[in-house]
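K.L.:
Sequence:
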Amino acid sequence: MLVTQVHEVAWPQWQRAVLNVLSQLSTHEYEWLINELLRLGDYAPKKRPHLHLLAAACLDTMGGSALASPSGNQPSPTLVRAVEKRLGKLVPPHNAKAAQELANVGTLAVKPLEQQLSLPTLSKRTRFACLQALVLINNDDALDVLNTYIQTAPQPDGEACLKLWSSAIDPERFAERVLAPLFQREGRTELIICRGKARWSDEVQLKSLRGLQHLMTLKKLIMNQCEHLNDISQLATLTELEELTLENCGKITSVASLAGLTKLRKLNLTNCKRLRNLVGLSDKPALETLYAAHCERLENLTPLTGLPALKWLNLHNCRKLQDISSLAHLTQLQHLDLDYCAALQDISSLASLTQLRTLDLDHCTALQDISSLASLTQLYDLHMNGLDQVHDISSLACLSQLELLQLDCSSLDDISPLSALQNLRTLWLTNTRSASEQELTCLAQLPHLTYLWLCGSFPLPPLPISLKELHIEGKDGDTYTPDLTRLSGHPNLCRLNIKNVHGLTDVTGVADLPQLCEFKLWGSTSLTSLQGLAHLPSLQQVDIVDCSTLRDIQALSHLDSVQEFSVWSCPELQDISPLSYLTDLRKLEIHYCDSIQDLTPLSKSVNLQEVSFVGHHMATIDLSPLATLPVRDRLKIRYQ
1 MLVTQVHEVA
11 WPQWQRAVLN
21 VLSQLSTHEY
31 EWLINELLRL
41 GDYAPKKRPH
51 LHLLAAACLD
61 TMGGSALASP
71 SGNQPSPTLV
81 RAVEKRLGKL
91 VPPHNAKAAQ
101 ELANVGTLAV
111 KPLEQQLSLP
121 TLSKRTRFAC
131 LQALVLINND
141 DALDVLNTYI
151 QTAPQPDGEA
161 CLKLWSSAID
171 PERFAERVLA
181 PLFQREGRTE
191 LIICRGKARW
201 SDEVQLKSLR
211 GLQHLMTLKK
221 LIMNQCEHLN
231 DISQLATLTE
241 LEELTLENCG
251 KITSVASLAG
261 LTKLRKLNLT
271 NCKRLRNLVG
281 LSDKPALETL
291 YAAHCERLEN
301 LTPLTGLPAL
311 KWLNLHNCRK
321 LQDISSLAHL
331 TQLQHLDLDY
341 CAALQDISSL
351 ASLTQLRTLD
361 LDHCTALQDI
371 SSLASLTQLY
381 DLHMNGLDQV
391 HDISSLACLS
401 QLELLQLDCS
411 SLDDISPLSA
421 LQNLRTLWLT
431 NTRSASEQEL
441 TCLAQLPHLT
451 YLWLCGSFPL
461 PPLPISLKEL
471 HIEGKDGDTY
481 TPDLTRLSGH
491 PNLCRLNIKN
501 VHGLTDVTGV
511 ADLPQLCEFK
521 LWGSTSLTSL
531 QGLAHLPSLQ
541 QVDIVDCSTL
551 RDIQALSHLD
561 SVQEFSVWSC
571 PELQDISPLS
581 YLTDLRKLEI
591 HYCDSIQDLT
601 PLSKSVNLQE
611 VSFVGHHMAT
621 IDLSPLATLP
631 VRDRLKIRYQ
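In full-length UniProt numbering, the protein residues as written are 1 to 640.
Any given hint could be a false lead.
Stated by the list, open to error - Derived pair list, reagent style DSS-like, types lysine-lysine, alpha-carbon separation capped at 30 Å:
1) Lys311 with Lys220
2) Lys636 with Lys587
3) Lys97 with Lys207
4) Lys46 with Lys124
5) Lys266 with Lys220
6) Lys475 with Lys499
7) Lys111 with Lys124
8) Lys207 with Lys163
9) Lys263 with Lys251
10) Lys219 with Lys266
11) Lys499 with Lys636
12) Lys320 with Lys266
13) Lys219 with Lys251
14) Lys263 with Lys219
15) Lys207 with Lys219
16) Lys97 with Lys47
17) Lys266 with Lys207
18) Lys85 with Lys124
19) Lys520 with Lys636
20) Lys251 with Lys266
21) Lys311 with Lys273
22) Lys520 with Lys604
23) Lys97 with Lys85
24) Lys207 with Lys220
25) Lys311 with Lys163
26) Lys47 with Lys111
27) Lys89 with Lys111
28) Lys311 with Lys263
29) Lys85 with Lys47
Please keep in mind that the hints were generated in silico from the structure rather than gathered at the bench.
Using the sequences and the hints, build the whole thing.
P.N.:
Below you can see the structure in the form of structure tokens.
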């Protein structure tokens, strides 16, 4: 009668009823029952997995060998082979679809899957499918098998178990029964959780954090782009955590759950845009690094007073932040980023941060008074771009250890305090009001200055002999023309970049620079020639970009040390014959110079190693002069 109810084969109650009745059957009757289950399965594809696995379970119960569980009575070898044949078509699964079909059968599939996991010859793909089926079955029997596998397998596939976490019907039980013992056995202390498809083998894709609280061996946890995440209460039990990243978790409104994580050394809350305060972060004696950049609603920093070991604090673009008085307690702080904190007006609390080494105040547009910086005598890196309401920088004269300064303060009254910065090595001077040449002479008093960036309509000042790299940049639409003769004869200048200096007609003055090895000229709309490039014995690289009126590069014929030459977007340049004199030319780029038609001068460039041509006109140019060059097989040509 049970067999006539085959339509109910998927019901666990019906399966148990069949197995329970076996003890009441004779050998002939149970063999008939098993054969009937096989026959029905052969003709019912949708019910086949249930029927054939039930037949295997019956055989096992009565002492057959299909599942290797000996008992008293022994069925005929023919029956055993018949069951094993059907079972072999179902188990092991080899892909996700087959795993799902086995999972639909439920408990009947658990023991065959357990048997497969014990085989040392199982391929990684097949093992994954077996584990996947057990995860999808999601009952105590399946979890017991998974737990045993994790505890006893010589090399359990931990990565597979992690990947399958997101597909578990009950991720909390899965984490408790499978992942927790896995982490304990393998000594795993790190986990990466992502929102989208996992890109790396150590990443896990999760929709929620259910079960995470059981992974108490974790010391490092990274959750990035988990934009759906708004509840992090599961983190409260992870008291061994030393490093936690909650970057781009835009729905998090509170970090109070982190209160008990007293071993934290590094915390990243970047782009948690709904976070208003940092309650939960006090009493973190080990916390050294805190990133709270782009927390656009953050207003209260009071909990930070309980972070005595904090050395690195990033509050970039916390645009509502006005009160930073709590920072006065962070006496061990060495690196502070406050750029784009546009509402910040008072930084007097920084005066007590005497260990500070780097400070970024870029675009704190409401800031007027920086006198409190005078006490930061250990500071070596200071950014002050976009501080248009700051008039007085006299406090900077006290910063005797300062090595790098970026200064963009359009309302400055006087830049002479810079002369006191005797350790300064890098200076960016941008959009400061038009300083006189006399004011700029203070730069010559900086004995260690090696890098200088001048952006604005500055007269070219006397330069310290220590200078090795100079960038000169004009403003768009300005006809500012620096006097380049001021550079002539400088003994140590190695790199010279000139950009957007639209009044420049030639480069007379860039001569007699014995150490100059790199010259770059960008965006000069009046330049007609490179006249002036002379007596440069060390020059190796020349880049000319977006010089719309350049026609003459004859000056290059005297620079036989040049190894790299790039010319981009110079539409009036036709004659490249001077390149034939560059006997050591190794790299050449000619991009969007539509008037160049004759490549014959390149036929002598036997040392060329890399050549790139880009532009529509390349489709009509005769490339035969390049045929004899060794580099002909490595030409890069794009017709666009």
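K.L.:
All hints, please: hold or fail.
P.N.:
Here's how the hints hold up against the structure:
Restraint check for Lys311 and Lys220: the C-alpha separation of about 19 Å stays at or below 30 Å, so the hint holds. Proposed proximity of Lys636 and Lys587 is supported: the alpha carbons are some 12 Å apart, at most 30 Å. Taking the CA atoms of Lys97 and Lys207, the gap is near 22 Å; set against the 30 Å cutoff, the hint holds. Using a Cα cut-off of 30 Å, the hinted pair Lys46 and Lys124 holds, with the two alpha carbons roughly 28 Å apart.
Annotation: proposed proximity of Lys266 to Lys220 holds, straight-line Cα distance about 9 Å (limit 30 Å). At most 30 Å may separate the alpha-carbon atoms for a hinted pair to count; Lys475 and Lys499 meet this at roughly 9 Å. The hinted pair formed by Lys111 and Lys124 meets the criterion: a straight-line CA distance of about 19 Å does not exceed 30 Å. This hinted pair checks out: Lys207 and Lys163 have alpha carbons roughly 12 Å apart, not beyond 30 Å.
Proximity of Lys263 to Lys251 is assessed by CA-CA distance (about 25 Å); at most 30 Å being required, the pair is judged to hold. Distance check on the hinted pair: Lys219 and Lys266 sit about 11 Å apart at the alpha-carbon level, within 30 Å; holds. Taking the CA atoms of Lys499 and Lys636, the gap is about 27 Å. The hint holds against a cut of 30 Å. Distance hint between Lys320 and Lys266 is fulfilled; the C-alpha atoms sit about 24 Å from each other, no more than 30 Å.
A hinted pair counts as satisfied when its Cα atoms are at most 30 Å apart, and Lys219 with Lys251 qualifies at roughly 24 Å. Distance check on the hinted pair: Lys263 and Lys219 sit about 9 Å apart at the alpha-carbon level, within 30 Å; holds. Proximity of Lys207 to Lys219 is assessed by CA-CA distance (about 22 Å); at most 30 Å being required, the pair is judged to hold. Restraint check for Lys97 and Lys47: the C-alpha separation of about 15 Å stays at or below 30 Å, so the hint holds.
With a C-alpha separation of about 24 Å, the suggested pairing of Lys266 with Lys207 holds against the 30 Å cut-off. A threshold of 30 Å between alpha carbons decides the hint, and for Lys85 with Lys124 the separation of about 23 Å falls inside it, so the pair holds. Annotation: proposed proximity of Lys520 to Lys636 holds, straight-line Cα distance about 22 Å (limit 30 Å). A C-alpha spacing of about 21 Å is found between Lys251 and Lys266, which places the hinted pair at or below 30 Å, so the restraint holds.
At most 30 Å may separate the alpha-carbon atoms for a hinted pair to count; Lys311 and Lys273 meet this at roughly 23 Å. Between the alpha carbons of Lys520 and Lys604 the distance comes to roughly 25 Å, so the proposed pair stays at or under 30 Å and holds. Only pairs whose Cα atoms come within 30 Å are accepted, and Lys97 paired with Lys85 is accepted, the gap being roughly 20 Å. Among the hinted pairs, Lys207 with Lys220 is consistent with the structure: their alpha-carbon atoms are about 20 Å apart, no more than 30 Å.
Between Lys311 and Lys163 the CA atoms are separated by roughly 36 Å; this puts the pair beyond 30 Å, and the hint is violated. Distance restraint check for Lys47 and Lys111: the Cα-Cα separation of roughly 19 Å lies within the 30 Å cut-off, and the hinted pair is therefore satisfied. Proximity of Lys89 to Lys111 is assessed by CA-CA distance (about 15 Å); at most 30 Å being required, the pair is judged to hold. Taking the CA atoms of Lys311 and Lys263, the gap is about 15 Å. The hint holds against a cut of 30 Å.
Between Lys85 and Lys47, the direct Cα distance comes to roughly 17 Å. Compliance with the 30 Å bound is thereby established for this hinted pair.
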